[in-house]
Structure formats: structure tokens, C-alpha cells
Amino acid sequence: MAMEETSNPVVQGEAMISLRDLRVSYGEREILHGISLDVMRGETMVILGGSGSGKSTLLRTLVGLEKPSSGEIWLKGQNIAAISDAEMDEIRKKIGMSFQGGALFGSMTVGENVALPLREHTKLEDSTIEIIVRLKLDQVGLAGFENYMPSQLSGGMKKRAAVARALAMDPEILFFDEPSAGLDPIIAAGVDELILDLKKAFHMTVVVVTHELASAFLIADRMVLIDKGYIVALGTPEEMRKSTHPRVRQFFDRIAEPAVSEELDYLQMLTEDNRPKRVAAGKRGA
Amino acid sequence: MELATQIGGAVTDGLAYLGALATLGGRAAYFTFIAPLQGKPLRLQRAVSQAMQVGVGALPILSLITFFIGLILALQAAYELRKFGALNYVASAVAISMTRELGPLITAIVVIGRSGSAFAAEIGTMKVTEEIDALETMAINPIHFLVTPKFLAMIVMLPCLTIWANFMGVLGGSLFGVAQANFVFTGYIRASLDALFLRDIVTGLIKSFMFGITITAVGCHEGLSTGAGAEQVGRSTTRAVVVSIFLVILVDLVFTTLFFFVSGA
Amino acid sequence: MKIAARHLDKITIFDVSGDIDLANSPELRKGLLRELRELRTPRVILNMTAVRYIDSSGVASLVEGLKASRDVGARFILFGLNTTVREVLQLSKLVKIFEIHETEAQAVAP
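Protein sequences, first through last, are from chains L, X and D. Sequential numbering of the first sequence, starting at 1, is according to our numbering. Sequential numbering of the second sequence, starting at 287, is according to our numbering. Sequential numbering of the third sequence, starting at 552, is according to our numbering.
It is worth saying that the hints were derived from the structure and are not from the lab. Here the structure is a predicted model, which means the values were calculated and not measured. All C-beta atoms in this analysis are idealised placements derived from N, C-alpha and C, irrespective of residue type, glycine included. A few of these clues could be false.
What the hints assert, rightly or not - The calculated BS3-like cross-link candidates involving lysine-lysine, where the alpha carbons are at most 30 Å apart (straight line), are:
id, chain 1, residue 1, chain 2, residue 2
1, D, K618, L, K93
2, D, K618, L, K123
3, D, K618, L, K94
4, L, K228, L, K67
5, D, K618, D, K561
6, L, K76, X, K326
7, L, K94, D, K644
8, L, K199, L, K67
9, L, K94, X, K326
Stated by the list, open to error - Each pair of labels, with its calculated beta carbon distance range:
id, chain 1, residue 1, chain 2, residue 2, range
10, D, N633, X, A306, 47 to 55 Å
11, X, F546, L, S51, 53 to 61 Å
12, X, P327, L, G144, 29 to 37 Å
13, D, E589, L, D138, 25 to 33 Å
14, X, F319, L, A143, 36 to 44 Å
15, X, A306, D, E589, 50 to 58 Å
16, X, A306, L, N79, 26 to 34 Å
17, L, H203, X, G515, 32 to 40 Å
18, D, R603, X, T298, 56 to 64 Å
19, D, R621, L, E14, 39 to 47 Å
Unchecked claim - Selected chain L positions facing chain X (Cβ under 8 Å, derived; list incomplete):
id, residue
20, L65
21, G101
22, F105
23, H121
Just chain L, same shape as in the assembly:
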């Protein structure tokens, strides 16, 4: 089922994830303003963007941690914006998510962390689960670490352990939030290698949120650049590299963005009264 990458994948293959005019708001502030995007089966999609671009919100919405205010999210043929919690849980058993800091449970060993979804959701015997745990830890290069506590692992190892946990249920889609954040370049490259290996081995659909360009160009089949809650550009790494779009160039060439571009904005920024609204929106929540 391996997919050939293509510059126009919408016509080829089966969409694993489809977003249609997705909008997400925190209180009264809209973060994502109508995102439409398809991720094909077996594809690695990298979501790029600066901090505050809305890329993390997009990822959180994809795994059901945030509810969209409008729009559709089709995951494995179901619109998760409009299904019950029980139905969402069934979908979640088939997706894996690797969090930025690993999010391993500190009170459990690495092995227990990986075993947790299996213990919770399957009727497998302990001995079977133990073998699966060792298989998964071996796949991420952590064979023999099942009895370590997460606090005894380095940053890179924590991420690998988190990936092993995400793999426990043989997911069809794997989500990564900033896989290289907080890692030194060599360790980060190791995590990139891991993502490539997993994708090659299991033909998994992978969605990665990152702001690391080197990593993005290495692992992506296609990439999408998000800025201020809008999709700015979408394409293969090659297409993105050649893009002349000013925002794309700015992001790729790492041109520092002036905090406020126009003089008028600057005056407004200095004098605008924006205090009471935010507090009210956060607290009472309409």
C-alpha cells in the first residue's frame, strides 16, 4: 500500500484525513480561519509555522483535544467534529500521538507506559502484552529499557519511549508534536530517522507539526505552511523550496519579522485599550 509521493495527491490515493473549512476558536478569538487540507494514506504531512501560527491548535484539533467551532474533520471516513465521545474513542484507538515533552506517566515504568493502552483497551494476556511492549521498544531503539522510570531517560529517549507508546495499538495514523523540540541536533536527527523508518516499515500516515526546517525537509512528502491561522502554502518540499510566495520565503529564509509592520499599527499597538475583553472572555466564557 506504499504511496508514491506526488505533487497532486488529491487525485491519487485515498484521503486519510480531510479538513473542510475548519475553524477553531478560544473564547471569542478565532485561531484557525477555515483550513481545508487532505492527508493521503501513507503520506507524511509536515505542518510548518511559527509560534502562534495556529499549527499546534490544528494538531490538537485533529486528535480531538480541541473542538472546532465549525467545519469538518474527516478521519478514517468519519467526521470527528460531529461524533459522540464513544465514537471518538474508537477512532483514537487507531491513532497514535507523540507529545512534545513525551507526556510519559512519571509514576509508571517505560514498559508500563507502553503497555497502558493495551491493558486498557484489549483483553490480551499480560505475557502477550509484555512481548508487544518489548517489540515496540525495540522498534524505537529502546530495547531493554522497559523497567526504567521516565525520569531516568534522556530527552531523546523519552521521545522514543513516547513513540513506542503511540505505536502500542498499531495505529494507522501517527501524530507528532514538535518531535525535535528541546533536543540537540544529533539526537533530533535520530528522531527524524525513526519517523522515516516507521513510515517505511508500516506505511503509516504521519502528521508532524514542527518549526524545524531541516527536519521538515527530511521527512515530509508534502508540507503545509500555516500563518496566523491560514494556510499560506501547500506542496512537496521541492515546490516549497522554489516558492516565491513572500511569506514562504520569509519563513524559509528565516527573515526576522518586524513586530509591527506599519507605523499606524505601531501607534495603535501603543495606545489601544485591550484589557477588559480578554479577562471576561476567559472567565465567564459566555
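Here the structure of chain L is known, so what remains is to put chains X and D in place on it, guided by the hints.
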């Protein structure tokens, strides 16, 4: 007008907070009593380890505190009683105030300090490190996984601790009784038991059961509503303690009033 | 998944078909362990010709079967693996650990 709006706002916030606590308690109750019938097993093992932390861990400090409280009660009661030459009533005064009021209350306050704060810190830290999110993406309900065992542990352990606290209070009182009020030890204990009606013990235990629910709900709610950043965990923990103490006193007041009128004393 | 057992002289062949996944790998595991540990069949063969897919729990169950066969000194043989199944075993570095044959004739041959 400004003041009225502020008071209105505060009342609304307060009611919303109580509503959130009730929702949390309700969902925990669902996972305790109803979900097991639908094939989602109860996490007894986690509940038992929580119960050990909440209960057994609190025993030394609780014993010491309630022993002192019993002694203080005896001294305070004796101050008044000796004017009437009624020092032999010290035993009943201590026994009744411990079982009806101070046993449950002091236990609750010790448990708030040890466990209510720990719940908020534990869950708050898990919130900050995205472990709660991780549970959700693994289709594991955080309420079921984290909160329910804590409720179970609390509603079992708090009444147990309260009974122990009552006993230690009486023991503290007996120190004074034996030393200053011409009691022999067994006589003091018998006088304490004679003074108590079953009603006194049961109302105390009902209160401690309600305190257990309150402390867990507040601790877990504060933990779950922790914002981003490590300093937020500290805030949640502090809030959990302050709000718990306030609500425990409030619950105490409500139930004491209720018992007062129901028993028609 | 469906399992059917055929018994030859001192050989049991399980014909498995469909997908081996979380829902049914416990059944496969139970069958294998019973055959090896309790019935002490000296050679247990798994016909995987009709298996389309195997997940980690299935692989783990096979590993348990293999372990049990080593413990009791029996032979545990797989045959008829399609490319998907073979790939999964390859990724788990298990292809060289299992005794794998192409055909049933090879598997039952002494």
C-alpha cells in the same frame, strides 16, 4: 449598582464552581457505580494504593494532632466545669465535641493538607506536561483513570480516619482526666462511651463522608483546571487547600444545621 | 479470523485465515499453547496461506507459541506467509527466529 454587579458576579462564579464540582463528582460516581455494570472495570488497585496514601500515610500526624486536640478540649472544658465542681463531665464534653464536630473537621483539614493538595499537584502537573491530553488521545478517560480512584479512596478512608481521630481525641482527654480529674483510665473511657449516642457517631461519619467528596472534588477540579506552566501548579495547589477548607466548613455548617433540625434537639 | 485444526501423526496443522489482530489473537494464542504445553504435540504447524494481515498482538502470540515450543522441545513451524505478513515479521526481526517454510509439504517433511 457597581457593588450589586460585583456581588452578582461573585455569586454566579461561586455557583458555576459548585456546578463544576458536582459534575466532576457525578462523573466519578458514574464510573464507580454504573460503568462497572457496563463492563468498564473499577480501578480497585489504583484506589487501594490511593487509600494507603490518603489513610495510612496520615495516621501518625493525625493521631498526634487529635490527641492534642482532645487534651486541649479537656483543659478548656475543665476551666468552666471546675467552677461548678463538675470535673467528671470532662469525659463526656470531650467525647461529644470530638465525635460530633472536631474529629471529622480536624481529620478533614489534615487530609486537605496532605492529600487534597497532593491531588491538585499531581493532576495539575499531569495537565502541564500534557499527560492528561495523552490519556485522552489514548481513549482513556482521565476522570475514570485518575479521579475515580481518588474518590473511592477518600470516601472510604476519611470516615475510617475520623473514627481513629475520635478515639485519639478521647485518649488525649483521658490524659487530663486521669491526671487532674480523679478518673481511672478505664473509668474515663467508660464515661466517654456512656456519653455518646450512636447518633453522635453517625452524624460525624456522615459529615466526614461529605468532606471526603468535597476535598476530592476540589483537589481534582483545581488540578484539571491548571493552566499552562509550572507556576500554575503551585497556584492550583494553594487554591485547592483554601477552597477545600472553606467548602468543608460550609458543608459542616449545612449538615450540622440539618442534623439540628432533623433530630429536633 | 478463522482457525481449523488438522491432526496428522504427531503433527497438528492449524489452518488460519483472515486477519490476526487484537480481537482474535488471544484465541490463536490459546490454541497454540494448549497444543504445545498440554497436548505435547511434537510438531505444530501454522498454515498462514490465507492470512492477509497480522498485527503486533498476533506477532506476540506467535512469539509465545515459539517460546512454548522451545520450552517443551517441540517444533513450531510457519508456512505460506504472504508478503505483508513476512514484512511484519521481518520488521520485528523474527524471520530468522521462526522456522518458516514455503509449502505444507516442506513443513510436514521429516
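Hints, one by one, checked against the model:
1. K618/D <-> K93/L: Within the cut-off at roughly 29 Å; holds.
2. K618/D <-> K123/L: holds (21 Å)
3. K618/D <-> K94/L: holds (29 Å)
4. K228/L <-> K67/L: Given that 30 Å is the threshold and the Cα spacing comes to 19 Å, the pair holds.
5. K618/D <-> K561/D: holds (19 Å)
6. K76/L <-> K326/X: Measuring from Cα to Cα gives roughly 26 Å; hence the hint holds.
7. K94/L <-> K644/D: Roughly 24 Å between the alpha carbons, so the hint for K94/L and K644/D holds.
8. K199/L <-> K67/L: holds (28 Å)
9. K94/L <-> K326/X: Satisfied, since the Cα-Cα distance of roughly 20 Å is no more than 30 Å.
10. N633/D <-> A306/X: 47 to 55 Å: Because 54 Å falls inside the window, the suggested range holds.
11. F546/X <-> S51/L: 53 to 61 Å: holds (59 Å)
12. P327/X <-> G144/L: 29 to 37 Å: Holds: the Cβ-Cβ distance is about 31 Å, inside 29 to 37 Å.
13. E589/D <-> D138/L: 25 to 33 Å: With a Cβ separation near 30 Å, E589/D and D138/L satisfy 25 to 33 Å, so the hint holds.
14. F319/X <-> A143/L: 36 to 44 Å: Holds, at about 43 Å.
15. A306/X <-> E589/D: 50 to 58 Å: holds (55 Å)
16. A306/X <-> N79/L: 26 to 34 Å: holds (29 Å)
17. H203/L <-> G515/X: 32 to 40 Å: Since H203/L and G515/X have Cβ atoms about 39 Å apart, the given range 32 to 40 Å holds.
18. R603/D <-> T298/X: 56 to 64 Å: holds (59 Å)
19. R621/D <-> E14/L: 39 to 47 Å: This hint holds: roughly 42 Å between Cβ atoms.
20. L65: Holds, about 5 Å.
21. G101: At about 6 Å, which falls below the 8 Å cut-off, the nearest Cβ of chain X leaves the hint on G101/L intact, so it holds.
22. F105: Since the shortest Cβ distance to chain X is 6 Å, the answer is holds.
23. H121: holds (7 Å)
Violated hints are absent here; each numbered hint is respected by the structure.
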